[in-house]
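Chemist: Okay, here's what each chain looks like letter by letter:
There are 2 protein chains.
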Amino acid sequence: MENEVTVGIVGAGNVACHLVRGLQKAGVKIALVYSRTIANAQKLAACSANTIATGSLDFTAAPPADVYLMAVPDQVLPQLAEQAIFPTQSIVAHTSGTQPLEVLSLPRAGGSFGVFYPLQTFSKEKEVDWQKVPLCLEASSPEAEQKLWFLAQKLSQQVVAMPGEKRRQLHLAAVFACNFTNHLLGVAQEVLKAADLPLNLLEPLVQETVSKAFEHPPFAVQTGPAQRGDVSTIQAHLQLLNALPQYQDLYQTLTDSIQTTAGLDPFSGE
Amino acid sequence: MENEVTVGIVGAGNVACHLVRGLQKAGVKIALVYSRTIANAQKLAACSANTIATGSLDFTAAPPADVYLMAVPDQVLPQLAEQAIFPTQSIVAHTSGTQPLEVLSLPRAGGSFGVFYPLQTFSKEKEVDWQKVPLCLEASSPEAEQKLWFLAQKLSQQVVAMPGEKRRQLHLAAVFACNFTNHLLGVAQEVLKAADLPLNLLEPLVQETVSKAFEHPPFAVQTGPAQRGDVSTIQAHLQLLNALPQYQDLYQTLTDSIQTTAGLDPFSGE
Numbered sequence: 001m002e003n004e005v006t007v008g009i010v011g012a013g014n015v016a017c018h019l020v021r022g023l024q025k026a027g028v029k030i031a032l033v034y035s036r037t038i039a040n041a042q043k044l045a046a047c048s049a050n051t052i053a054t055g056s057l058d059f060t061a062a063p064p065a066d067v068y069l070m071a072v073p074d075q076v077l078p079q080l081a082e083q084a085i086f087p088t089q090s091i092v093a094h095t096s097g098t099q100p101l102e103v104l105s106l107p108r109a110g111g112s113f114g115v116f117y118p119l120q121t122f123s124k125e126k127e128v129d130w131q132k133v134p135l136c137l138e139a140s141s142p143e144a145e146q147k148l149w150f151l152a153q154k155l156s157q158q159v160v161a162m163p164g165e166k167r168r169q170l171h172l173a174a175v176f177a178c179n180f181t182n183h184l185l186g187v188a189q190e191v192l193k194a195a196d197l198p199l200n201l202l203e204p205l206v207q208e209t210v211s212k213a214f215e216h217p218p219f220a221v222q223t224g225p226a227q228r229g230d231v232s233t234i235q236a237h238l239q240l241l242n243a244l245p246q247y248q249d250l251y252q253t254l255t256d257s258i259q260t261t262a263g264l265d266p267f268s269g270e
Numbered sequence: 001m002e003n004e005v006t007v008g009i010v011g012a013g014n015v016a017c018h019l020v021r022g023l024q025k026a027g028v029k030i031a032l033v034y035s036r037t038i039a040n041a042q043k044l045a046a047c048s049a050n051t052i053a054t055g056s057l058d059f060t061a062a063p064p065a066d067v068y069l070m071a072v073p074d075q076v077l078p079q080l081a082e083q084a085i086f087p088t089q090s091i092v093a094h095t096s097g098t099q100p101l102e103v104l105s106l107p108r109a110g111g112s113f114g115v116f117y118p119l120q121t122f123s124k125e126k127e128v129d130w131q132k133v134p135l136c137l138e139a140s141s142p143e144a145e146q147k148l149w150f151l152a153q154k155l156s157q158q159v160v161a162m163p164g165e166k167r168r169q170l171h172l173a174a175v176f177a178c179n180f181t182n183h184l185l186g187v188a189q190e191v192l193k194a195a196d197l198p199l200n201l202l203e204p205l206v207q208e209t210v211s212k213a214f215e216h217p218p219f220a221v222q223t224g225p226a227q228r229g230d231v232s233t234i235q236a237h238l239q240l241l242n243a244l245p246q247y248q249d250l251y252q253t254l255t256d257s258i259q260t261t262a263g264l265d266p267f268s269g270e
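One line per chain: the protein sequences are A and B, in this order. This note's numbering puts the first residue of the first sequence at 1, with every later residue one more than the last. This note's numbering puts the first residue of the second sequence at 1, with every later residue one more than the last.
A portion of the hints provided could be inaccurate.
Copies of the same chain are indistinguishable here, so a pair counts whether it falls within one copy or spans any two.
As a list, the in silico SDA-like pairs of lysine to any residue whose alpha-carbon atoms are at most 25 Å apart [claimed, not checked]:
1. K29 <-> A161
2. K193 <-> V159
3. K29 <-> Q246
4. K25 <-> Q83
It should be emphasised that the hints constitute simulated quantities derived from the structure, not laboratory data.
Build the full structure now, drawing on both the sequences and the hints.
Modeler: As structure tokens, this is what we get:
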């Protein structure tokens, strides 16, 4: 295996942006950044030395890369992959948690392709510690996997080979643990706002909840009114939520789900 | 104000247990620990020097304390408060997020009483950093509040005076941010288990989600299929959940709630 790998980044959104910063920090050469909007590509390419920006999907006309990472929204990935022309010897990998590996098989007929899925939530404002981001890999051949693995290890300490079916289940778990959790934290802040209470009051509680969840099975350490079947507190909470009625159904559904999990009958009124 | 305050602990559950450890560490004298089950009181009293264990609710017959903290379940608090006989000059405070201050007004007719609510989730297995636990206080008189404040500041850096109505709203917010979040983390782990994937894979993602939620309004940084109206991924997730059908309703309700919050119509199929 060679000691160098050159990367091309397709996309200029949050994931692309963090990939460029992470790869740059890891000393990986970035040949080019593509964006439909050339100004975005230029802005991102400027973060890294000797990286060109391009608005053309014919990558055979640009400085070649060994691996092209397609960090674009799921919805546009299939079409973009079909339109792009990559150098024959390169590997093309997408970064999606849900799109199958095979979405690249037709566009890359005869070539190598793979998946390079970083399990993290990326936002413009916040630096990411790539060393701790699990990278889930899948590839069309052992050689392609080996090369993606080589690249991934430069970024992260946690690299995992993962077939598509498991990756989709992981993505589902991530929706519960990240997207849904974030929504609940938003609702909690709405409740605090309505009560004119400082939002950071909950921070130690949430930190403790999360750190406990990775030390003990969460269902085993579940607490609160739903878990102990405390009907009068549940009723009082639903009544308080008359001020934010759009969250009453959510409260009830979560309460029912906790009680079902605990083996309590949510409809017995006990 | 004097420089010493002696505490009596009523109860021997998780909160009582952590209170004893925290007060002991803060150098506060603990006169006694009460539990209906005297063996539990003895076990807890043994953690602290010169602390006696008692199974009797006549506290006038025991070494006196300035403040009695009733760390008992909500359901038994009113009855226990009525049965107990406290020294006339003492302050009696409960530690509940939902019970009103007034639950102590009849039992303490003519005496002082208050609320000493620690906003944290306590479990046997895990040490708590009391310095970071918000303590929410309420009292029947300014003098009683002053004494509770004096005690609270020995434990924590974050002491807040808070009327009952706000405390109840804070408790509701905590149910969303802690109890409900814990349940979602449990569901995420079930999904991982079903896929035979390691549970700690999600830890960096969850840590990032939480740390982001206290830097930016969670609704403003919401991501995921619900937020972007990605119907095909939502459908795929609901189908994956055929293996864990008890969580399909939860997935749908949370998805709808995110879409309503985002101003998307959850029923338009867009």
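Chemist: It remains to establish, for every hint, whether it holds in the given structure.
Modeler: Hints and how they fare:
no.	hint	in the structure
1	K29 <-> A161	within (24 Å within a copy, 56 Å between copies)
2	K193 <-> V159	between (41 Å within a copy, 19 Å between copies)
3	K29 <-> Q246	neither (50 Å within a copy, 48 Å between copies)
4	K25 <-> Q83	neither (31 Å within a copy, 67 Å between copies)
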